[in-house]
Each structure stands twice: as structure tokens, then as C-alpha cells.
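Residue numbers (my numbering), protein chains in the order written: chain R, 1 to 649; chain E, 1 to 159.
Bear in mind the hints are in silico, worked out from the structure with no lab data behind them. Careful, some of the hints might be misleading.
Stated by the list, open to error - Residues from chain R that keep clear of chain E, each with C-beta distances beyond 12 Å, as calculated:
no. : residue
1   : S88
2   : Q236
3   : D268
4   : G343
5   : P437
6   : L438
7   : M573
To be verified - Looking from chain R toward chain E, a few residues come up when the C-beta cut is under 8 Å (computed):
no. : residue
8   : R162
9   : I165
10  : H281
11  : T324
12  : K576
13  : V577
14  : I582
15  : S585
16  : G588
17  : L590
18  : V597
19  : V601
20  : L604
21  : G610
22  : Y620
What the hints assert, rightly or not - Distance ranges between label pairs, derived from CB positions:
no. : chain 1 : residue 1 : chain 2 : residue 2 : range
23  : R       : D351      : E       : T116      : 46 to 54 Å
24  : R       : R271      : E       : A125      : 35 to 43 Å
25  : E       : A127      : R       : S88       : 34 to 42 Å
26  : E       : D126      : R       : R271      : 43 to 51 Å
27  : E       : M81       : R       : P504      : 23 to 31 Å
28  : R       : E244      : E       : Q112      : 49 to 57 Å
Cβ atoms here follow ideal geometry from the backbone N, Cα and C, with glycine treated the same way.
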Amino acid sequence: MKKVFLIALKSSREQILSRLHKFGALHISELMEGDESTADMDRSGDEGKYEESRGKLEKIDAVISKLKRYDERKKPLLPIPNRASYDSIVKSLGSGHELMPLIAYSAELDSKKMELNSSAVRLEAAASRLHPWLALDLDVRNIADTASCRVMAGTMPAADSRQYIEELEAQDKLLIQKVYADRDYVYLFIIYHNADNEEMTQLLSRAGFMQASFPKSSGTPMQIYESLENQRREIQDQLRGIEEEESGFAEKLPELERLYDAMSVECDLLRKAASLGGTQHVFYLTGYIPAHMEDDLRKLIADAAGDACDLTISEPDNPEEVPTMMENNALVDPFESITSMFGTPQSTSIDHNMVMSIFYSSFFGMMLSDAGYGIILAVACTILYILTLPKGRKKGGNKLLGVLAISGVLTIFWGALFGGWLGLPVKPLWFNPMEEPLLMLGLCFALGMLHLVTGLVLKGIIAVKHKQYMDAFVQSLSWIILLVGLSLFAMPALVAIAGSTASPLLLSIGQIGKYMTIAGVVIILLFGGYGRKGIGRFTGGLSSLYGISGYLSDVLSYSRLFALGLTTSVISMAVKVIVDLIWGSFFGTLAAMLIFVGGNVFNLVINVLGAYVHSSRLQYIEFFGKFFEGGGTPYEPFVPKTKYYKIND
Amino acid sequence: MEIQWGLVFAFTGAALAGILAGIGSALGVSRAGQAASGVLSEYPERFASILVLQALPGTQGVYGLLIAFMILLKVNVFGGMEDVSTVQGLILLAGSLPVAVVGLISAVMQGQVAITGIHLVGKRADASGKAITMTVMVETYAVLALLLSFLIVFFGVSF
């Protein structure tokens with residue numbers, strides 16, 4: 001990775017940024033906080049342009065989301081993205097301007113819809129308030145006090161209303177008409193003489209009577225109600241009309257999506273431009289470029305700006321700041337996603353992905369442990385992965401699919417070894433873990449030890465790369481000697497537990513192991529605290545040695561390889577047993593086939609999830625724990641980020 | 001009528017493994033699902049990673065079923081039941097306990113971590129890998145319990 005410093009005239013900024021965007025390989029560093037050289041810079045013009053284009057982008061997005069409802073295009077069966085070239089997308093910006101009036105009109109329709117909807121709500125509320133009074137055949141203007149009488153309409157809670165009404169009627173001083181009753185209220189029309197006002201008011205309020213108000217129009221409640229309903233129907237018609245208009249716009253969706261992508265490219269360019277440092281006429285940027293692309297970059301800048309710029313490409317002075325780019329062959333490339341989920345390695349470290357991919361897919365295979373599922377995974381995911389590849393490239397497809405495809409192949413391998421073929425009785429090429437669990441556990445622990453030792457080897461390599469030879473010796477080599485020695489030493493004993501007798505070869509290997517273990521312990525005790533003085537040296541050694549217990553729990557962790565493989569086998573067996581039981585009659589055979597398919601799909605899904613998650617966890621905790629240096633900056637080159645079309649270049 | 005206590009204990013063991021581990025997973029997954037609904041209401045596009053987090057506490061139920069099934073196979077339920085002595089039945093019951101009890105508790109606890117992991121994904125979309133890793137850490141103990149149950153059931157009795 002080389003450091004890049006470019007300074008050029010603002011007049012060529014647009015050209016340069018656009019070319020860099022298409023080039024897609026330059027990682028542009030963010031301007032540092034508190035970089036005083038640009039504190040006074042007037043960015044308002046640039047920022048204004050960016051805000052404007054972002055506003056447009058949001059409007060386009062709003063229209064697209066709204067029109068999605070009317071989208072009648074056939075959904076493709078597989079999520080294969082549309083492709084286009086960078087230049088063609090950028091060109092769409094020009095033709096896209098014809099769509100802007102449509103977008104503005106659509107926003108108008110939106111606000112009109114909102115208005116209509118709120119009117120409709122108001123009308124509905126008014127109509128429902130009138131609903132109980134429909135039987136009152138009196139112009140609402142007349143529901144008001146006259147010169148000598150009180151005239152009112154109102155509600156009384158339904159409970160006890162009969163009692164109160166009888167009481168009031170017994171007074172024989174008023175006219176009560178029950179207009180309507182529902183579950184909660186009775187609706188009454190009342191007239192009484194002004195002289196009885198005090199008495200009546202008291203009685204009425206005791207009964208819970210509340211006066212109702214009526215709209216300030218003319219006509220009986222029924223007439224008003226009908227006119228409200230008419231208005232509401234009109235509004236619904238208008239709304240329907242608007243919807244029809246909008247559904248007509250849906251045919252413009254492909255153009256709108258293209259315009260969206262074109263606009264977001266422009267938005268990105270403007271945002272980058274506004275974020276760069278410079279003066280009134282000049283701008284500059286710093287960044288990093290992979291070393292092998294240096295010449296391409298030089299050519300590009302020369303094309304875009306000619307002599308009116310100064311480009312310096314040099315070795316980076318601060319290795320910590322250099323972004324980390326992982327580059328591997330097409331088979332290992334998908335596994336970079338496993339690493340990225342954990343964190344970004346330091347750029348000064350080594351690329352562990354190739355080694356990790358072998359372990360990851362093997363562990364996955366051991367945990368899924370069914371060759372039938374392996375075939376399904378391998379075939380399906382490979383096809384899907386190839387479909388998601390950018391045109392003409394071998395790398396860059398959906399990383400998850402790639403991981404599953406390769407792990408699927410390893411699953412076939414381990415499934416065949418252990419005899420797992422969808423629960424069908426096939427002889428294992430090696431042994432059946434359920435019949436020889438101790439051997440299986442031993443295999444798991446051995447592979448686990450191999451994984452851990454590989455981690456230590458990587459640690460040693462990193463230390464040597466940094467010229468920290470003492471670290472490499474004490475932290476890596478000595479532990480490797482100790483652990484390998486312990487494993488060899490333990491082998492005769494383990495064989496004895498399993499019930500067989502150890503061959504002489506095995507016994508001598510055990511002896512070698514014993515001496516290696518002693519050597520390892522001595523080295524660690526002597527050098528474990530090598531940085532410290534006096535007694536610290538020994539206690540340092542002792543505490544380093546204590547780390548052995550950590551290794552014990554690490555190795556035990558690999559028993560999950562057996563446990564998860566067991567899960568797959570037992571569920572397959574359960575499915576098989578059930579299928580065998582009900583096979584026979586017509587319905588039985590039908591049900592059996594359904595159960596076979598359903599049970600295996602369930603088994604596949606659960607165990608793929610488990611294998612994925614546990615394989616990852618083994619890498620993150622046991623493997624990375626030995627050597628991984630995190631905290632790196634990910635390599636994020638200046639590339640177009642589009643939503644609907646995948647850029648082809 | 002003489003009660004065959006051996007069979008009683010064996011079947012009780014199988015039942016317990018299924019019941020307790022199943023309860024644990026149901027609790028863990030359902031609580032995680034409630035948190036998931038909350039986060040999805042704000043960020044529907046993060047469904048995939050959130051779904052994975054919700055599903056993680058579900059494995060203990062499967063492990064319980066596994067051991068239950070192993071016990072049933074051992075006792076030869078499908079082929080004409082073996083004569084199970086009382087001691088053998090008790091051993092099978094003991095074998096079901098690790099996965100039953102640890103499955104129950106670890107699934108509920110894993111559900112708690114899954115909930116916080118889902119909230120983490122709600123705050124930071126790129127943290128799903130870390131959330132998943134932290135949730136999976138709890139499962140170590142369920143796996144160890146599964147292994148122990150398996151060893152007891154498989155090797156503890158022979159017919």
C-alpha cells in the first residue's frame with residue numbers, strides 16, 4: 001500500500017473525482033479533526049451544492065417508495081442484480097432531468113392526498129356525531145331556546161336512564177322524547193318552561209344529562225348527514241382518481257431507479273468534494289492505493305488534469321495508519337467476511353485468511369457431517385455465488401454464499417468419512433462417530449490442538465516479521481514445543497483408556513513427547529518473564545506457565561465438533577425411524593415422504609446455522625486469540641455505491 | 001401389578017430432557033423475538049442478522065430432543081422394549097439431567113444475551129458479527145452438557 005498526496009486546481013476537481021470514483025481503488029483519507037490548515041476554508045458553496053443534490057435524492061427516493069405499491073414488474077426468482085456501466089449511469093443524470101417535473105407533480109399529489117384525507121376524517125367525525133339524531137325530524141336551527149321555553153337535545157347515561165326519565169316525566173312539567181338509544185347512552189329531546197329551569201336543571205344534572213351541540217347549518221339532522229356523506233363520497237372519488245394517476249406513473253419506475261443511482265453517484269462526488277481540504281482555487285487530498293495500481297493512478301490523474309496538478313506517491317511513513325486490504329485467491333476471498341465480522345486486522349500483520357479458510361470449512365464439514373446436505377449446499381451455493389459475481393470476474397460475489405459453497409464441499413468429505421448420507425445406511429469410509437465416540441473425541445481434540453498450534457505459529461511469524469525474535473521464541477516457539485510435546489506424551493495414555501495396547505512406536509513417541517514437554521516448561525519458566533528484573537523474572541515465568549489451563553479449556557472447546565455432528569446424525573436417524581414406521585399404506589407412504597423432506601430441511605437449516613456460528617466462534621476465540629492484532633482501518637476505496645444497479649467496471 | 005421402575009425412570013428421563021430444554025429454548029427465543037420486533041420497527045432492513053440472533057437460543061431444545069431420542073433408542077422403544085432394571089433406568093434418568101437442566105438455564109441466559117445483541121444491532125448495524133459471537137459464547141455450556149448426557153446415556157447402560 002502506498003501513500004498518495006494529490007494537489008490540483010479546483011477547476012479540474014470534478015473531472016478528477018469522477019475518474020477516481022470510476023477507478024474505485026483509491027482509499028481517500030478523512031480530513032483530520034482540528035486540521036487547522038483548512039479551518040478557514042469557505043466550504044459553503046460546495047456544501048450548498050451537496051445539500052441541494054441530497055434534497056433531490058430524497059425526493060426521488062420518496063417517489064420510488066410510494067410507487068412501489070403499483071409496481072407490476074415480475075419479480076425475478078433469484079435476486080440477480082441489474083447491471084450497468086458507470087458511464088451509462090452517469091449519463092442517466094442528463095436524461096433523468098425530464099423526470100423532475102413528474103417528481104414535483106407527485107409531491108403535489110401527495111399533499112393533495114393529505115388534505116383530502118384530513119377533510120374526510122373531519123367529515124366522518126361530524127357524520128358520526130349526527131348519527132344518533134337522525135330520527136329527530138327538526139331543523140337544527142330550531143333546537144334552541146325560545147322566548148319562553150328551554151329547548152335542548154342531549155345524552156344521558158343508559159344505566160338508570162329509565163328510572164330518571166320516569167321521574168322526570170312524573171313531574172309533568174316537560175316534554176321528553178327518546179330519539180335514540182345505544183349501549184352507553186340514551187339520546188333525548190327535551191322542552192320545558194323557563195319557569196321550571198332551576199328545578200329541571202338540577203334534576204337533569206343529577207341524571208347525568210349533557211347537552212349536545214349541532215353543526216351550524218340548516219336542515220334536519222338527516223339532511224345534514226346526507227350532505228356530509230355526499231361530500232365524503234366525492235372525496236373518496238377524488239382520492240381514487242389520484243391513485244389511478246399514480247399507478248400510471250409506475251411504468252416510469254425503472255427510469256426512476258436509474259435516476260436514483262445516477263443522483264446518488266453525483267451526491268457522493270459532491271460530498272467528497274465538499275470534504276476535501278484546499279484554498280480558494282486549489283484542493284488537495286491524501287489517501288492510499290495498493291502498490292500495484294500506482295501506474296494506473298498516475299495515468300488517470302495525468303489524463304484528468306494534465307500538468308495542473310502535483311501527484312506524490314510514496315511509501316507510507318506511519319504504518320499504523322495504512323488501511324488494511326485483504327487480497328486472496330477466489331476460493332479464499334469469501335472467508336474474508338468471517339474475519340471482517342470480527343474486526344479489521346492491523347495492516348502490519350499477516351493475512352491469515354487462507355489458513356483460516358481450511359480450518360473453517362473443515363470444522364463446518366465436521367459439524368454438518370452429512371454428505372447429502374453437503375452436496376445440496378455445495379451445488380446450490382456455488383450456482384448462486386456464480387450468479388452474484390460481477391461480469392467477467394472470479395471474485396466479488398456474495399461472500400456468505402461463497403463460504404457456504406466451499407464448506408459444503410468439505411461437508412461432503414467429512415460426511416463420507418463418517419457415513420452420514422441423509423440418515424440412510426451407508427458404510428462410513430473411516431468410522432461412525434456414534435459407534436466410536438472416544439476416537440471421535442480424540443480426533444476433535446487433535447484437530448483442536450493443530451488449530452491452536454497453527455495460531456501460535458502465525459504468532460511467531462508475525463513476531464519475526466516485526467523483528468521481535470525474543471517474543472517469537474518465548475511466546476510462540478516454546479509453547480509450540482510444550483503443547484506438541486504434551487500431545488505426544490498423552491497419546492499412549494489415551495490409547496490405553498480406549499482399551500487397546502500401545503505399540504512400541506507409540507511408546508517411543510510418548511517418550512519424545514515427555515522430553516519436549518519438559519523442555520517447553522523449562523524454557524517458559526526461565527524466559528516467561530524475560531522483560532523483568534530479579535524475582536519478577538521467575539514469577540513472570542510461573543504466570544506464563546499458568547496459561548496452560550487456558551489451553552486445556554481451549555482444547556475441550558473443540559468437543560463441540562463432535563456434539564454438533566451428533567445433532568445432525570441423531571435428527572437424521574429420528575427422521576428415518578419415523579419414516580420407516582409409517583411407510584406402507586398409501587397415506588402412510590405419502591406422509592412418510594413429506595416427513596422425510598420436511599425433517600431433513602429442518603435438520604439442514606438448524607445445523608447449517610449451528611455449524612456457521614460455531615465454526616466462526618472457534619476461529620474468533622480459540623484461533624484469533626493466539627495471534628490476531630485488531631484495530632486496523634479497513635480499506636474503503638472511493639467507489640460508487642448504488643442501490644438498484646450494480647456497476648460493471 | 002408390578003411396576004417396571006426401570007422403564008418409568010428411563011422414560012421420565014427422556015421426557016425431562018425434552019421438556020426442560022424445550023422450555024428453555026422457547027423462553028429464550030420468544031424473549032429475543034420480542035426485542036427483535038422492537039428493533040425491526042425502526043430498522044426493517046436488518047432482519048437477516050436479527051433473525052439469526054433470535055434463533056440462537058433455540059438449539060438447546062434440539063439438544064434435549066436428541067438425548068431424549070437417544071434414551072428411547074437405547075431402551076429400544078421402536079423395536080420391542082428391553083428389560084430395563086431399576087438401576088439402569090435411574091442411570092438413564094441421570095443422563096438426561098445435564099442437558100435438561102443446563103439446557104433450560106443456558107437457553108434462558110442465552111436469550112438475555114441475544115436480547116442485548118439485538119439492541120446492539122439496533123444501535124450499530126455493523127456489529128451483528130460481534131453480537132452473534134457473544135451470544136454463542138453461552139452455548140459452550142449447553143454443548144458440554146449435551147456431550148456429558150450423551151456419554152452417560154450411551155455408555156452408562158448396555159443391553
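Quick rundown of the hints versus the structure:
1. S88: holds, 27 Å
2. Q236: holds, 30 Å
3. D268: At about 19 Å from chain E, D268/R clears the 12 Å cut-off, so the statement holds.
4. G343: violated, 8 Å
5. P437: Given a closest Cβ separation of 7 Å, the condition is violated.
6. L438: violated, 9 Å
7. M573: The claim is violated: M573/R sits with its nearest Cβ about 7 Å from chain E, within 12 Å.
8. R162: violated, 48 Å
9. I165: Hint violated; I165/R Cβ to chain E Cβ min 50 Å, cut 8 Å.
10. H281: violated, 39 Å
11. T324: Nearest chain E Cβ about 16 Å off; hint violated.
12. K576: violated, 11 Å
13. V577: holds, 6 Å
14. I582: violated, 12 Å
15. S585: violated, 18 Å
16. G588: Violated - the Cβ of G588/R stays beyond 8 Å from chain E, reaching only about 15 Å at its closest.
17. L590: violated, 21 Å
18. V597: violated, 19 Å
19. V601: Interface hint status for V601/R: violated (14 Å vs cutoff 8 Å).
20. L604: violated, 13 Å
21. G610: Given a least distance of 6 Å, the restraint on G610/R holds.
22. Y620: holds, 5 Å
23. D351/R x T116/E: 46 to 54 Å: violated, 33 Å
24. R271/R x A125/E: 35 to 43 Å: For A125/E against R271/R, whose Cβ atoms are near 20 Å apart, the range 35 to 43 Å is violated.
25. A127/E x S88/R: 34 to 42 Å: Once the Cβ atoms are compared, 36 Å apart, the range 34 to 42 Å for S88/R and A127/E holds.
26. D126/E x R271/R: 43 to 51 Å: violated, 20 Å
27. M81/E x P504/R: 23 to 31 Å: Hint violated: Cβ distance 47 Å, outside 23 to 31 Å.
28. E244/R x Q112/E: 49 to 57 Å: holds, 52 Å
This entry does not satisfy hints 4, 5, 6, 7, 8, 9, 10, 11, 12, 14, 15, 16, 17, 18, 19, 20, 23, 24, 26 and 27, going by the numbered hints stated previously.
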